[in-house]
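Residues per chain, in single letters:
2 protein chains.
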Amino acid sequence: MLTSSQRQLLRVISESGPLSRTVLAASMGLSKAAMSGIARDLITLGVLHETETVYGQGRPSILLDLHPEGAFFVGISLLEDPAPMVLSDLNGKIIARENMPLSRDPEVIAGLIADALPKLLARRPDAADKLSGLGVALSGFVDEKQANCVQSTLLGWQDVPLAKIIRQKTGIETFIENDAKAVAVSEKLFGSARDIQNFSVVSFGDGVGCAHFIGGKLYRGNHGGAGEIAHCTIEPNGSPCRCGKRGCLDTVASIKAIKEMSKAEGLACTSLTELEEEASVGNAVAIRILHRAGGALGLAIAHLIQFNDPGMILITHVEGNFDGLFGTVVQQAIEANVLPRYAGQTPIRTQRVDSDIWARGAASIAAHNFLIGPNPN
Amino acid sequence: MLTSSQRQLLRVISESGPLSRTVLAASMGLSKAAMSGIARDLITLGVLHETETVYGQGRPSILLDLHPEGAFFVGISLLEDPAPMVLSDLNGKIIARENMPLSRDPEVIAGLIADALPKLLARRPDAADKLSGLGVALSGFVDEKQANCVQSTLLGWQDVPLAKIIRQKTGIETFIENDAKAVAVSEKLFGSARDIQNFSVVSFGDGVGCAHFIGGKLYRGNHGGAGEIAHCTIEPNGSPCRCGKRGCLDTVASIKAIKEMSKAEGLACTSLTELEEEASVGNAVAIRILHRAGGALGLAIAHLIQFNDPGMILITHVEGNFDGLFGTVVQQAIEANVLPRYAGQTPIRTQRVDSDIWARGAASIAAHNFLIGPNPN
DNA sequence: GACAATAAGTTCAGCAAGTGAACAAATCAA
DNA sequence: TTGATTTGTTCACTTGCTGAACTTATTGTC
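So the protein sequences, as listed, match chains A and B. Using this note's numbering, the first residue of the first sequence is number 109, and each one after it goes up by one. Using this note's numbering, the first residue of the second sequence is number 109, and each one after it goes up by one.
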């Protein structure tokens, strides 16, 4: 177990990149004397290591950085069948990939994970020794201990202590997390939001997910439901949603919804890319669908900006294509629906991601617990 | 200056009410030994005092509570002319009230405050000695140091270091804050949100304000704009708003908007109460206006719930009347627009407040800085 | 009414994590 | 070569906390 100062140091480095002991001391409000000891301990533990030497006036400074091979983590996504598994190092780099069959029975899942682990670890014998955590991403609500799945429609679960079950079967420290929240943690720890304290990730795919970082910490909400923008009413009296309401964002602005709308309108498109192509050659129906979907997503994001004033919005998309009409409409809708004085003040980044995104996010949940810990330090 | 443990103790008591040393120690994760000293110091400082003795088995416990007369604070609202001023104690109780003329010149305001202070303090000579801070509530954006007004349309300000100016003139530690955020702090410190870590306050009056507490701390947003729900687009292609967009919440769901809509529709109502009366006797126009306004406010609050999953929504209203049709419609619109599984999960409290609310909020900003401090301890 | 049982709060020696000042180390600039 | 400069370490000392033993104030029981 790391001390609170050690964790703080790791957090600062993870936010700012490699830093010298003196700079670290200053930015943590500690003396150089204290810093010296903390750094020494972390280096001994193998978590930190000296990297570049920076020459200036006076004695050169030695930058400290996370030691990539200081710890390894496993991440598993329960969002697809087969379920992707990844092995990542302390820098979030993916070292190995595997797939395992999916099940809806927690005990079976734990068994399948235990079975698949040796193959994942086979290529890197040292990773097995330093395996420091396992993360699982799933669609549903997770408690703040990242141990129990409170509710998952997709998996048909209610109060399943999945982390404990997996931990018993594998012997590895396990944490679970909601899919969108896991992606947000991964962006904070290893991605493009490292140094941003307040931001939201919107994951655009078959569904629309969202998660907030506030004050440098994942904000889970009072019932774990923060960021569930998919079912906000975006088209009053719109189409019925499977949730029971009407006009939810999810009925218009997910890839699934776009495909369904295309089908309903008699288009033969089976992907967003195809629909974009149709629109680019002037297909009025395709253009209308993209406008409707993009306008809805943009409006929701504009609300997010007005409500929470984040420092960045990161839109991740798997199959999507944000360079075409859809992306343009989203951008325009955002700009048109935030307070004019705000417009352009909030950076919107879009990022194409591969299908590893959920497993990566899962691994970063384990990494986050190892580096920064669960507590509000 | 208080230590971090002293501040933590004060925060726990402010959240939970009077507690014994032993309970405090347990809830702060400290030993009874440490607690003993911390409590002794705070009692010596006059901030804490022993109150009730609770008898059970064993030695009775002595509850510790904030000493109301341990410190006093001044709060001023720059939202009305004349500007209300209050003197409050450490429990948030209002001890004295005054008014002072309003100005738009920061230097003049500081002078007017300095002039008005003696009269406010006249009745309580001890308060003058223990005056520990001054807070100012205003409409506009305030930086996170609660020192500079970044932007205020109402006052015509841009980057005004108001806190410093007032402090120089009066010699009192001064903090400024946005009106809605000040009210949220006052509800957290002294009101009905004491023990709630995540909540939002929606202040319904001439305009619609909102502020969030997240993780027990005021969340200001990246540019200080968190909670600015007044200009979220709630009626796409709705009426033009003075902000330049269309269909903002502010154009439908503020008291000002309701009055304007009534006037435009030819009703002679000059207050929400009158409009409610018309509606109760079956005036179709009045009913329509109240439905439109209530539906809009409810939808915005539903979005707030979906986006942030707060533990409570507190609606404060000055002139408003939430027992009538308007309140009912708001409630219904909230329920109808949150994920059905969520419905009823988020407590909505409405609270009628007097016109002191802004000045009280301002005083609580000063109290918050005294008790808990500006730092994320 | 005496006396155990119980729990609150205090005291005190000791420990862990920090500080400040002095110092050693490694470089650049003159 | 020497001085200036800045990094990082060492060391004596302070601070805030802990654990254990103790004192204190009460209830319950015989």
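By construction, these hints were calculated from the structure, which means they are not laboratory data. Watch out, some of these pointers could steer you wrong.
Just so you know, same-sequence chains aren't split out, so a pair can sit in one copy or run between any two.
[Stated by the list, open to error] Keeping only pairs whose Cα atoms sit at most 30 Å apart, straight-line, the calculated BS3-like set for lysine-lysine is:
no.	residue 1	residue 2
1	K227	K367
2	K140	K277
3	K364	K272
4	K238	K371
5	K238	K364
6	K364	K277
7	K253	K325
8	K253	K371
9	K140	K364
10	K367	K272
11	K272	K238
Outcome of the hint check:
no.	hint	verdict
1	K227 - K367	neither (37 Å within a copy, 70 Å between copies)
2	K140 - K277	neither (44 Å within a copy, 40 Å between copies)
3	K364 - K272	neither (34 Å within a copy, 55 Å between copies)
4	K238 - K371	neither (50 Å within a copy, 72 Å between copies)
5	K238 - K364	neither (40 Å within a copy, 63 Å between copies)
6	K364 - K277	neither (36 Å within a copy, 62 Å between copies)
7	K253 - K325	both (14 Å within a copy, 20 Å between copies)
8	K253 - K371	neither (42 Å within a copy, 54 Å between copies)
9	K140 - K364	neither (55 Å within a copy, 58 Å between copies)
10	K367 - K272	neither (39 Å within a copy, 58 Å between copies)
11	K272 - K238	within (20 Å within a copy, 54 Å between copies)
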